[in-house]
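Each protein sequence line maps, in turn, to chains A and B.
Each residue of the first sequence is one higher than the one before, counting from 0 in numbering that gives the first Met the number 0.
Each residue of the second sequence is one higher than the one before, counting from 0 in numbering that gives the first Met the number 0.
Since the hints were derived computationally from the structure, they do not count as laboratory data.
As the structure is a computational prediction, the values presented were derived from the model and not from experiment.
A virtual CB, placed ideally from N, CA and C, is assigned to each residue, including glycine.
One thing to keep in mind: the hints can contain errors.
[Unchecked claim] Calculated Cβ distances over 10 Å to all of chain A for the following chain B residues:
#1 R21
#2 L33
#3 I37
#4 S48
#5 A50
#6 I51
#7 A74
#8 E78
#9 R79
#10 D83
#11 G84
#12 R157
#13 P175
#14 Y206
[Stated by the list, open to error] Stretch-level coverage of chain A by chain B, calculated; a stretch enters the list once three of its residues show a Cβ under 8 Å from a Cβ in chain B:
#15 84-91
#16 116-130
#17 144-155
#18 163-170
[Said to hold, decoys possible] If you want the ones that stay clear, here's a sample from chain B, every Cβ over 10 Å from chain A, calculated:
#19 A88
#20 R159
#21 V197
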Amino acid sequence: MTTDAAGTIIRRGMVITGIALAALACVYGLALFASPTERSQGLAQKILYIHPSAAWASLMAFGIVGITSLGYLLMRDRRLDTFSEASAEVGLAFGVAMLTTGPMWGRPVWGAWWQWEPRLTLTLLLVLLFVGYQALRTAIDDPEERARFSAVVGIMALVLVPFVHLSVYMFRTIHPQPVFLKPSAPSMPWEMTRTLLFSMAAYTLLYVGFVTMRYGIGKRREEQSA
Amino acid sequence: MSPFRATLAIAAKDIRVELASRTAIATAVTFAVLVLVIFNFARDPAEVSLAILAPSVLWVTSAFAGIVTLNRSFAMERERGAMDGLLLAPVSRSAIYFGKYIANMAFVLVVNAVLLPLFILFFNVSLTGALGWIALLLLLATAGYVAIGTMLAAMTVRTRFSELMLPVLLLSFVVPPVLVGVQATTRLLGGRPLSEIVGWVRFLIVYDIVFLVLSWLLFPATMDE
């Protein structure tokens, strides 16, 4: 087939994912061999090159779902729904990576697998809400109705974020404060900062690759059902 | 018909149907009492006193009973094919939303009004002076998540596993008001000064306004065609 648009998108996504995975291999090389080991946390600190990046990719994915969902309701362009679906699913994958790596660090450093503090609670609720989002999608047959209903949930999720954060913040917080994205200079050695930034870039690229592939798959499914 | 009259007419219709059958409220109240009973036995009396558990029990029971009530919100329209009639009626989507919202609020508040005395009775709490504030907190908290639930129920009623879909989507939104409600209630029951709960009350008011407006704006998207 020469005019297989979905296939072209999927192949493009695979190329981007390939580059991202190569970058990720470099990140882990840097993390293990070219970044200092933190004195009090020891090797557990190496999570810094996985966990915040996965969290970033996941929250970015969910944020984009909110925006493309709003776009869908305003413009009713089917492609925006296909994109929302792709981004929500990829965000869920990164979300699971974030929620599984977090406790591995929390256990040795906090002495507890889990803490009910703002960031943990917020991300857990968002991941659960997007599991609900996926469940809702599978429970509706009509594609137009599915697009509208899931767009509503996508927008609602985005608005829920500040409320969960603020309410649990008023409750308590023990999560490490941002060490990089904050007003003053980064409170980390440059070798660590460099690896973290590189890791975040690699995860962002991985997101782009995954979403492109998933979008292509969504396109193909539409073609087949049409 | 003016939008205001249409809103009231839709709310009155739901309330009349409920008064005729009393299914939703009776079921939700029974459910709430059963949850209270389970909570009482789901603790070691020697370890956890009723007073410590009381605020959580009140709020969790209230939220669960609210969701059970909301699940019925659009079920009648679906079961008897009345949704088309409602949509064909010469009333705006906003009138349908606010009519449904008022009716749902009425049901949930009745359930809460039955729940609160039973809670005081079963859990042996003395609310001297705090009763009015706790009632206000319950009103503010339910006003927010019922606004969201009314909009979500309009969608979930048309999906498979609708009775399960509503709680799965709604419970994430119920977390902030329940968290705030438990914190404020604990302080009130502990005899803390009112100044300590002002921040929580303000939070609930902002939550209510934001989600009522958002749900109202999104509601037409759940009703197309």
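Okay, the hints, checked on the actual structure:
no.	hint	verdict
1	R21	holds (30 Å)
2	L33	holds (25 Å)
3	I37	holds (23 Å)
4	S48	holds (22 Å)
5	A50	holds (20 Å)
6	I51	holds (17 Å)
7	A74	holds (16 Å)
8	E78	holds (18 Å)
9	R79	holds (21 Å)
10	D83	holds (15 Å)
11	G84	holds (19 Å)
12	R157	violated (7 Å)
13	P175	violated (4 Å)
14	Y206	violated (6 Å)
15	84-91	violated (count 0)
16	116-130	holds (count 6)
17	144-155	holds (count 8)
18	163-170	holds (count 6)
19	A88	holds (21 Å)
20	R159	violated (4 Å)
21	V197	holds (12 Å)
Comparing the model with each numbered hint stated earlier shows that hints 12, 13, 14, 15, 20 do not hold.
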